[in-house]
Amino acid sequence: MDFNNLTIRRFHEGLTQKLFSVVEATTFFLDTIKKQDPHIHAYLSVREDEARASAREIDNNIKEGKETPLLAGVPCAVKDNMLLEGEVTTAASKILKTYKGTYDATTIKRLKNGSVVILGKTNLDEFAMGASTENSGFFKTLNPWDSTRVPGGSSGGSVAAVASGMAFAALGSDTGGSIRQPSAFCGVVGLKPTYGAVSRFGLIALASSLDQIGPVTRTVEDARILFDTIKGKDGYDSTTVDLQNFKSSSSVKDFVIGIPKEYFIDGLDDEVKKGLEVAMEKLKKLGFKFKEISLPHTKYAISVYYIVLTAEVSTNLARLDGVRYERARDVNTLSDVYMHTRGEGFGDEVKRRILLGTFVLSSGYYDAYYTKAQKVRRLIQQDFDEAFKQVDVIFAPTTPTIAFKMGEKSDPLSMYLADIFTCPINLAGLPSLAVPVESLFSALYSPSHLPVGFQLIGKRFHENDILSVGELYEKE
Amino acid sequence: MIEEKDVVRLANLARIPLHKNDAQKLVHDFENILDYFEQLKEVSTSSIAPIAGGTLLSNEVRNDEKKINTLLSEKAIGIFPQAEDGFLVVPPVFE
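Chains as they are written, first to last, in the working numbering: chain A, 4 to 479; chain B, 102 to 196.
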């Protein structure tokens with residue numbers, strides 16, 4: 004059985020028709036991991052025994068005639084910044100290398116309730132700070148289509164695992180593009196939900212006003228299924244809402260798609276430009292109308308993002324001081340505990356962002372940086388609100404370039420600029436779906452033909468709109 | 102602009118030890134980054150209120166019911182780097 008050409012629905016049909024068992028499917032993916040991961044390094048830990056045990060349990064439930072959920076037995080990976088009870092969760096940082104989750108994150112609990120098999124925890128830039136997965140505290144993940152290039156980040160491990168058939172689907176998290184940018188670089192589908200659509204309970208926080216967990220899948224249809232499983236109100240995250248209340252007024256076929264002129268700039272790679280043209284042509288063929296729109300504050304998004312983000316980072320990571328979590332050894336005073344634990348435990352990029360965050364929040368600079376950024380953030384949000392009065396969905400490039408080379412962006416600012424098309428969406432709290440121009444099922448990716456993606460940005464809590472357009476696109 | 106002594110002070114506030122070379126490199130990185138942030142000065146925001154947080158919800162409260170999860174407390178104590186009789190052990194605060 005080849006599980007690499009199946010959608011979740013077809014997997015479910017195969018399972019209920021007894022064409023294969025969950026144990027067989029799980030074994031297939033565990034074998035693929037053994038074969039592939041020594042070359043790609045997508046996983047930080049593989050839960051072989053636990054995955055086999057839950058596969059056997061799901062098979063037994065099916066045998067006993069219990070209800071089989073749509074996601075039953077689907078072998079998934081999760082980014083290692085989501086807690087699994089009793090299991091090591093590192094956020095790819097040495098400062099948490101032995102930390103064990105004391106409860107399941109809400110998203111993990113919902114996957115488990117859906118009888119998903121969790122294969123393992125995937126690599127990321129330390130605490131999700133990065134756009135290449137080169138900043139992991141443990142090792143770098145490689146792009147499965149060209150090992151000299153990055154998979155993108157920070158959810159590089161989850162995305163590389165799905166793209167290379169080492170997981171059927173995965174969960175990532177997206178603070179400024181960390182699901183969508185690697186999805187574009189590796190040719191898979193990634194959804195960054197509306198802020199408040201998915202619970203962040205049990206997600207190790209990067210920037211609490213921007214973080215969202217979302218699915219990484221091979222098709223848009225699969226992304227919808229995974230999103231439906233994890234979304235919705237959660238008593239443990241007071242920013243979550245019940246999505247059932249949000250319905251679109253017009254039918255998908257009548258949607259007008261906005262093209263923001265600020266996203267189609269000179270700096271776009273030729274490959275990206277060509278890919279976007281192909282995608283737009285296809286959407287036109289499907290009958291969608293396009294309308295040019297303007298998001299005038301786009302060029303300020305990177306500045307706003309890195310001020311707000313580092314401010315939140317500096318406060319969120321203050322708790323990692325050696326008192327309750329991993330502690331440096333052989334130190335005698337409390338102040339040495341702080342200094343040694345943080346000095347040895349954090350990587351360079353994490354230290355840089357904590358210090359930058361400490362600076363923008365410090366007395367005398369707070370108004371000039373932090374308050375100013377939060378004001379411009381409102382303007383960025385208002386740009387989108389105005390645009391959505393004229394259009395239903397916005398079409399934009401996900402990244403200005405195809406996957407870049409390992410080590411290419413050694414200067415921090417040039418790495419920050421990789422988020423230029425993705426971070427405005429997080430600042431505005433909107434949903435956005437990253438779609439590959441060519442589906443993973445039909446494309447033949449290689450070092451001379453690397454993936455290109457586009458994103459469909461939706462109104463707040465209108466995930467249904469962007470998923471519907473994406474589904475029509477992938478069926479055409 | 103930012104100087105080495107500023108970076109040293111920030112590092113001390115954030116409880117991050119710095120080597121001499123780190124401080125010089127950070128000054129260089131911060132100069133580039135802060136220089137880029139200068140663009141925000143172009144934007145007129147005199148009548149704009151700053152956003153607070155990512156949500157549009159306000160006054161969200163949970164039901165006022167008693168919740169005591171002793172099992173969770175035990176697990177949390179279980180991951181402390183050093184514990185004694187259910188308490189967290191830290192080096193002396195006063196020397």
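Hints are supplied without guarantee of correctness; some may be wrong.
To spell it out: a stretch of chain B is covered by chain A in this simulated footprint if at least three of its residues, at any positions, have a beta carbon under 8 Å from a beta carbon of chain A; those stretches are [stated by the list, open to error]:
no. : segment
1   : 112-119
2   : 125-139
3   : 144-156
4   : 164-177
Keep in mind the hints are simulated off the structure, nothing from the lab. We treat Cβ as the ideally placed atom computed from N, Cα and C, and that holds for glycine.
Hints, one by one, checked against the model:
Coverage of the segment 112-119 of chain B by chain A holds [criterion: at least 3 residues with CB-CB distance below 8 Å; count 6]. Only residues whose beta carbon comes within less than 8 Å of a beta carbon in chain A count, and the segment 125-139 of chain B has 7; three or more means the coverage holds. With 10 residues bearing a CB less than 8 Å from a CB of chain A, the segment 144-156 of chain B meets the requirement of three and the coverage assertion stands. Remark: the segment 164-177 of chain B is confirmed as covered by chain A, as 3 of its residues place a Cβ nearer than 8 Å to a Cβ of that chain, reaching the required three.
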